[in-house]
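Asker: Each chain, letter by letter, is given below.
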Amino acid sequence: MASRVMTALRVKATPLRAFEAFTAEIGQWWKPNSLFAFTPRAPGVLSFEGRERLIETREGGKVFEIGKVTVWEPGARLVFGWRQAAFTSDMATEVEVLFEAVGEETRVTVNHVGWDSVPTEHVAKHGFPEPVFLARHGEWWRVLLGRLREHVE
Amino acid sequence: MAEKRALSSALVYLDPKAALKFLEEAFGFETTLLIEDAEGNLAHSQMAYGDSTVMIGNEWTGEHRSPASIGGLMTQTVHIQLADGEGTIDDHCERARKAGAAIIAPPETQFYGDRTYRCKDPEGHIWTVSQTVQVMTPDEWDARDMGLKTTVYKP
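Line by line, the protein sequences are chains A and B.
Its first residue numbered 1, the first sequence is counted upward by one per residue in the working numbering.
Its first residue numbered 1001, the second sequence is counted upward by one per residue in the working numbering.
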């Protein structure tokens, strides 16, 4: 898990509030991206099921498990697995989200690692050279964090 | 902050990851995007300061060179403008010095009302840091007898 996509920004909220918005309210600010769909079906709504796992629930009720939560520290740190339906068992990526107080704001940092476990020719990479794929993924995370910020503020 | 701006600079470093650390420690920039390849090498990164961004990269083509590779030369420098309430130029300079910057022009109040200093980062990029300490008009600049005549374009 060496390759890394890192994005960060500040939100006007406490670390605890930012954590709560990221987890309990993810379905409200998450925006699907057709390049990074979890399944070949129409995208559903994301939610954390308890403190156990991140899931996508499609219209009609079918559930896809994106990944299990491995760290749940409200107001500080969240780590969960992230896989697409087309991944084989030896492919896995992981997302770490950090919440750090900076004055009256919170710096939210996303570290998404492990995309090097997915071969460049895999359908998930869309034929992009690795740096381009990672950069586009980073841009998407930036959009997502921007939406989280709008949601919180 | 950190949205895509109409203009931003891309700086080239031999060791861009060390540059990220320096720019954070020296100037308080914050990394907003970092892409690392499977070997952990930096492929692309961006830092934010106020409402602006700079991109920090490596020598990714034969035409992109750090000053450290070409005898300290450069064709552009980056200017940092401190807003009111963001501390003083002198404190900023001291922080940069402690982080490893070489101060090449110590803090000095200029005839146009800004206090400025210039420094070089560890690979030789020159940074100018400025803060308005006295709001002055162009007529007042000219009255300082600097041998300058200021003409302000009025559309």
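These aren't lab readings, by the way, just hints derived from the structure by calculation.
In this text, a Cβ means the ideal position worked out from N, Cα and C, and glycines have one as well.
Warning: the hint list may mix true and false statements.
To be verified - Negatives, chain B to chain A, calculated, CB over 12 angstroms:
no., residue
1, Lys1004
2, Arg1144
3, Lys1154
Said to hold, decoys possible - Derived EDC-like pairs (lysine to aspartate or glutamate); straight-line CA-CA distance at most 20 angstroms:
no., chain 1, residue 1, chain 2, residue 2
4, B, Lys1154, B, Asp1142
5, B, Lys1004, A, Glu25
6, B, Lys1004, A, Glu150
7, B, Lys1098, B, Asp1114
8, A, Lys12, A, Glu94
9, A, Lys12, B, Asp1051
Asker: Please check whether the beta-carbon of lysine 1004(B) is more than 12 angstroms away from every beta-carbon in chain A.
Answerer: With a cut-off of 12 angstroms, lysine 1004(B) comes too close to chain A, as the shortest Cβ separation is near 9 angstroms.
Asker: Taking 12 angstroms as the cut and beta carbons as the points, is lysine 1154(B) off the interface with chain A?
Answerer: Non-interface label on lysine 1154(B) holds, nearest chain A Cβ at 38 angstroms vs cutoff 12 angstroms.
Asker: Is lysine 1154(B) close enough to aspartate 1142(B), meaning Cα to Cα at most 20 angstroms?
Answerer: Satisfied, since the Cα-Cα distance of roughly 18 angstroms is no more than 20 angstroms.
Asker: Given the hint that lysine 1004(B) pairs with glutamate 150(A), does the C-alpha gap stay at or below 20 angstroms?
Answerer: holds (16 angstroms)
Asker: Assess, step by step, whether the Cα of lysine 1004(B) is no farther than 20 angstroms from the Cα of glutamate 25(A), and give holds or violated.
Answerer: Answer violated: lysine 1004(B) to glutamate 25(A) is near 26 angstroms, above 20 angstroms.
Asker: According to the definition I'm using, a residue is off the interface if its beta carbon is farther than 12 angstroms from all beta carbons of the partner; does arginine 1144(B) meet that for chain A?
Answerer: holds (38 angstroms)
Asker: Between lysine 12(A) and glutamate 94(A), does the CA-CA distance stay at or below 20 angstroms?
Answerer: Measuring from Cα to Cα gives roughly 26 angstroms; hence the hint is violated.
Asker: Verify the proposed pairing of lysine 1098(B) with aspartate 1114(B), using a straight-line Cα cut of 20 angstroms.
Answerer: violated (23 angstroms)
Asker: Taking 20 angstroms as the top limit, are the C-alpha atoms of lysine 12(A) and aspartate 1051(B) close enough?
Answerer: Holds: lysine 12(A) and aspartate 1051(B) sit about 15 angstroms apart, inside 20 angstroms.
In summary, the structure is inconsistent with hints 1, 5, 7 and 8 from the numbered list given earlier, while agreeing with the others.
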